Amino acid sequence: MAETLVPQRQDDAPVTTSKHGSAISDASASLVEDKGDALVGKTVTINRPRAELFAYWREFSNLPTFMENLVSVEHLDDRRSRWVVKAPAGKTVEWIAAITEERADEFIAWASEEGADISNSGRIDFRDAPGGRGTWVSATILYDPPAGVIGKVIATMFQREPAIQVRRELRRFKQLMETGEIATGARTHKQHEEEQG
1 MAETLVPQRQ DDAPVTTSKH GSAISDASAS LVEDKGDALV GKTVTINRPR AELFAYWREF
61 SNLPTFMENL VSVEHLDDRR SRWVVKAPAG KTVEWIAAIT EERADEFIAW ASEEGADISN
121 SGRIDFRDAP GGRGTWVSAT ILYDPPAGVI GKVIATMFQR EPAIQVRREL RRFKQLMETG
181 EIATGARTHK QHEEEQG
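If you're matching positions, the sequence shown starts at 1 in full-length UniProt numbering and goes up one per residue.
If you're looking for bench data, these hints aren't it; they were derived computationally from the structure.
Where hints are given, some of them may not hold.
Said to hold, decoys possible - Restricting the straight-line Cα-Cα distance to at most 20 Å, the calculated cross-link-like pairs of lysine to any residue (SDA-like) are:
#1 Lys91 to Glu68
#2 Lys42 to Ala109
#3 Lys42 to Glu169
#4 Lys42 to Pro130
#5 Lys42 to Leu176
What the hints assert, rightly or not - Okay, the calculated beta carbon distance ranges per label pair:
#6 Thr65 to Glu101: 20 to 26 Å
#7 Gly180 to Lys91: 28 to 34 Å
#8 Lys91 to Pro130: 39 to 45 Å
Since the structure is predicted, the reported quantities are computational estimates derived from the model, not experimental observations.
Ideal Cβ positions, reconstructed from N, Cα and C, are used throughout, including at glycine.
Please put together the full structure from these sequences, using the hints given.
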């Protein structure tokens with residue numbers, strides 16, 4: 001009698017919403033370096049090949065094209081780059097990020113170096129979506145909110161809190177990769193000034 005194999009169901013949700021109890025601790029371990037207290041995880045399906053999406057993301061100078069609060073990414077060497085990001089109240093924060101592990105066309109993991117304005121680490125994963133529907137792109141980030149909980153509340157009010165930004169940036173990345181442009185909404189002059197500040 002032939003043995004019937006029952007396929008194991010895989011939970012493809014971001015680790016922050018997984019139904020498996022150990023998912024968050026497993027996520028921290030998968031980030032290679034545990035830097036930060038707050039965990040953010042988001043996934044988007046993009047109708048483009050995995051290798052193309054990985055290559056675009058891996059060229060870090062491309063990231064400001066869809067990350068609206070990213071001022072600049074300066075290439076320092078093959079593994080390190082300096083990031084400058086808009087913060088609430090017209091300020092910027094910066095850090096040097098080092099790639100801690102990567103696998104071509106699959107994932108990039110990083111961690112901020114000592115002295116970062118916001119200690120952080122994370123991982124971006126690229127997986128083939130089932131049924132030839134493109135690629136699942138998942139971002140998982142650990143970070144220490146500036147000034148702790150109060151800083152997180154203030155950042156949320158100004159829409160610059162990482163959980164909000166990660167969702168927006170992945171949507172913008174999807175738009176750019178699928179259509180070649182990013183849709184923009186009508187903004188008042190005051191809103192535009194606040195975003196530029």
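Legend entry - Violated constraints from the hint list, given by number and in increasing order: none
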